[in-house]
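Student: Following the hints, position chain B against chain A.
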Amino acid sequence: MATRNDKRETYYESIIKQGYSRRDFMKFATYIAAYMGVETSMIGQVVKSLETTYRVPVIWEHFQECTCCSESFIRSDHPIVADIILDKISLDYTLTLMAASGHQAEKAKHDTMEKYKGEYILCVEGSVPLGADGNYCCIAGRSAKDILVEAAAGAKAIIAWGSCATNGCVQAAYPNPTEATPIHKIIKDKPIIRVPGCPPIGEVMAGIIIHMVTFGKLPELDRMGRPKAFYAKRVHDSCYRRPYYDAGLFVESFDDENAKKGYCLYKVGCRGPMTYNSCGTIRWNNGVSFPIQSGHGCIGCSEENFWDNGPFYERLTSLHGFGIESSADTIGKVAAGALAGGIAAHAIAANVSKRKELRLRTKGGKENEKKLDL
Amino acid sequence: MITKNFKRVYVWELPVRIFHWVNVLCIIVLGATGFIIADPPAIMSGAEASESYWFGTVRYIHFGTAYVFFFNMLMRIYWSFVGNRFASWRQLFPFTRKALENAVHVTKVDVLLQNEKKFDLTNVSVGHNSVAAFSYLVLFFLALVQVFTGFGLYADNAGWWLPKLFGWVPQFLGGDFITRTIHHIVTWLFIFFTLVHVYLVFYHDWLEGRGEVSSMFGGYKFVRDERLKHDEPEEAPKKEEGSVTEHC
Numbered sequence: 004m005a006t007r008n009d010k011r012e013t014y015y016e017s018i019i020k021q022g023y024s025r026r027d028f029m030k031f032a033t034y035i036a037a038y039m040g041v042e043t044s045m046i047g048q049v050v051k052s053l054e055t056t057y058r059v060p061v062i063w064e065h066f067q068e069c070t071c072c073s074e075s076f077i078r079s080d081h082p083i084v085a086d087i088i089l090d091k092i093s094l095d096y097t098l099t100l101m102a103a104s105g106h107q108a109e110k111a112k113h114d115t116m117e118k119y120k121g122e123y124i125l126c127v128e129g130s131v132p133l134g135a136d137g138n139y140c141c142i143a144g145r146s147a148k149d150i151l152v153e154a155a156a157g158a159k160a161i162i163a164w165g166s167c168a169t170n171g172c173v174q175a176a177y178p179n180p181t182e183a184t185p186i187h188k189i190i191k192d193k194p195i196i197r198v199p200g201c202p203p204i205g206e207v208m209a210g211i212i213i214h215m216v217t218f219g220k221l222p223e224l225d226r227m228g229r230p231k232a233f234y235a236k237r238v239h240d241s242c243y244r245r246p247y248y249d250a251g252l253f254v255e256s257f258d259d260e261n262a263k264k265g266y267c268l269y270k271v272g273c274r275g276p277m278t279y280n281s282c283g284t285i286r287w288n289n290g291v292s293f294p295i296q297s298g299h300g301c302i303g304c305s306e307e308n309f310w311d312n313g314p315f316y317e318r319l320t321s322l323h324g325f326g327i328e329s330s331a332d333t334i335g336k337v338a339a340g341a342l343a344g345g346i347a348a349h350a351i352a353a354n355v356s357k358r359k360e361l362r363l364r365t366k367g368g369k370e371n372e373k374k375l376d377l
Numbered sequence: 026m027i028t029k030n031f032k033r034v035y036v037w038e039l040p041v042r043i044f045h046w047v048n049v050l051c052i053i054v055l056g057a058t059g060f061i062i063a064d065p066p067a068i069m070s071g072a073e074a075s076e077s078y079w080f081g082t083v084r085y086i087h088f089g090t091a092y093v094f095f096f097n098m099l100m101r102i103y104w105s106f107v108g109n110r111f112a113s114w115r116q117l118f119p120f121t122r123k124a125l126e127n128a129v130h131v132t133k134v135d136v137l138l139q140n141e142k143k144f145d146l147t148n149v150s151v152g153h154n155s156v157a158a159f160s161y162l163v164l165f166f167l168a169l170v171q172v173f174t175g176f177g178l179y180a181d182n183a184g185w186w187l188p189k190l191f192g193w194v195p196q197f198l199g200g201d202f203i204t205r206t207i208h209h210i211v212t213w214l215f216i217f218f219t220l221v222h223v224y225l226v227f228y229h230d231w232l233e234g235r236g237e238v239s240s241m242f243g244g245y246k247f248v249r250d251e252r253l254k255h256d257e258p259e260e261a262p263k264k265e266e267g268s269v270t271e272h273c
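As you go down the protein sequences, you meet chains A and B in turn.
Okay, so the first sequence: first residue is 4 according to the working numbering, each after it adds one.
Okay, so the second sequence: first residue is 26 according to the working numbering, each after it adds one.
Treat the hints with caution; some may be incorrect.
[What the hints assert, rightly or not] Here are the computed lysine-lysine pairs in the DSSO-like style, where the Cα-Cα straight-line distance is at most 30 Å:
#, chain 1, residue 1, chain 2, residue 2
1, A, 359, B, 143
2, B, 133, A, 357
3, A, 366, B, 143
4, A, 357, B, 142
5, B, 189, A, 369
6, B, 133, A, 336
7, A, 366, B, 189
8, B, 189, A, 188
9, B, 254, B, 143
10, B, 143, A, 357
Just so you know, the hints here were simulated from the structure itself, not pulled from any lab data.
So that you can see chain A by itself, here it is in the shape it has in the complex:
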C-alpha cells in the first residue's frame, strides 16, 4: 500500500504488470462499463482510456464512520477492482488498508497532495463532527475538519462515500451530539459526488471511480449530487416484489403466511418507495441478494435522515414534538375529533346567543306562511 511509483504507469500497464491477461482486462472493461451505465458502444472508449490514462492518485480520508464503505468497496465483484484500483494503484492514503503508519503515512499523504495538486481525487468516508471544536474526531493530533479542509484544497474533485459523508447518517441522528456534518456543508468550492448508502454498493463505488479515471470528469449527477446512473430510480421501482404491491398483496406481520409467500413488505415499513438506490438491480455480495429479497424491508439507508424517519417496521412517520408513538394519523384523528366537538359546541352556542334573531325570523316566516294565497 501507499507505495508511489515515481514513473507513472497507465492503468492498463499496471493491470498487465499484475499478471492479468489482456482478455481479463477486456472483461473488466466490459463489466465496469455495464455498471457505469454506459452503452456497449462506449466499451471501446473505456478500454482506450484505461490504456492511455495515467493513474489518478486517490486520497481516502476516514472520519466519523464505521468503515463499512471501505468494506463494501473491497468486496466489489471483480478482482481487478480490489487488486488494481484499490490495492496497488490508486490509493495513496487510506487508514484502513495502507501498510505505512504513523509519520510515514502522513508524509506519504502530504507528498501526494503537493505533487499532484489539483489532480488527485479526495474520497471521504464519514461525517465531520463540528461540536466541541471538532475534538470528537481527531487523527494524528488534528481535528477531522482541519484534515478535510487541507486535503480538499488541492483536490480535483471530492467523492463523499456513504451516508455519513453525504448526509450525516446515524451520527447526525437526533439530537446529533457531536454535530456530525456532511462534507458538502463544509466544502463549498469543489465538485462533490455524493454516494449515499450505509454502505453504498461496492460496484457502485467502483463504477464511480472508474468513470472518473476513464472519462476524466464527474459522472452525470442529479440535483442532490448523486450519480444518476445509480440513484435515479427508487428501490421500489426495481423491486422484484413490485407486482405484489400493485396487486395489493402485503405482508401484515413478519411471521404470517404472506411473508412466507414473499408478498410486498410495504405495510411492515419497507422504505423502498422512498429510497433511491440500485439495490434492486445490482444487489449485494456479487449480486446474490438484497434486504427485500431476504425478507426484510428496506430501511432507506441511502436517504437523508433515514434514522430519524420513524420506526423501521411501520409505514407511517412518527412526528417529532408529538411524542414517539404519535403518527400523523393519530394526531389527525384526535384533532379532527376535537374540531368536530368544537363545531358542535359552537352550533349550540350560536343558537343560544342568537336566539332573539332566530325567533324573530322564524316568527316572520311563519306569519308569511299563513298569509300565503294558494
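Tutor: Using the frame of chain A, we list chain B on its own:
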C-alpha cells in the same frame, strides 16, 4: 310584522360552481384513495398476483384525479381574471382596510358569537366574507403544496413533461420521505378545512336565511332590496334605524 324584501343576485357564476363541485369530488376521491395508499387494507385473495391489480387501480385513480384537481384549479385561476367581482382574485386577498374591518366584524359576530348593538347592513357579505376569503387563500396554498409534493413524488415514474416539472421538489425538501409526510399532513389539513367550511355554510344559511347553501347550486343569493341601486332616485335606499327587527 313585516319581513324584509330581498332581491335575487347572481353571485356564483357557472364556472365557479363547476369548479367548486369538481373540487369537492376531487378532494373526496383524493383523500379516500390517499388514505388507502398510505395504509392499504388487508384484502386476502386466492388469486395469483398476476391476476389482480386493485392497489394499482387505486393509485391510478389517485393520479388521474390529481390531474383533474390540478386542471380544475388552473381553470379557476383563469376565471378569477375574467369572472365577476365575486370570482375575482382580488376576493382572495382580503387585506384592504374595508376587508380587514369586515374580518373583525365576522370574528366578533360569527366566530365569537357576540350580538351586534346596531345592525349595519353593509356588514353582511354578498360574496365571501373576509375570514372565509382568507381561508380560501390558505386552502389554495395548501392545494399548491399538494400539487408540488404530489407531482414531485409522481415525477420519477411519469412519462409526461408536466409532472416531471416537479421532479426537483423531493430533492429540494430532502427526500421522498419528508415529501410524503408533508403530503400526508396536508391531507389532514384539507379534512379540517372541510369540517369547518361545511359547518359555517350551514351556520350562515341557518342564521341569515338568504340561500347560502343553495347559492352553490343555483348561483343566486338573496340580498336586501335596500342594498341595490335603483334607477329612480326617489326609491334610493334610506337608512333605517338599526334594531333587532332588521334581521327579519
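Student: Tell me the numbers of any earlier hints that the structure contravenes, in ascending order.
Tutor: The structure breaks hints 5, 7; every other hint is satisfied.
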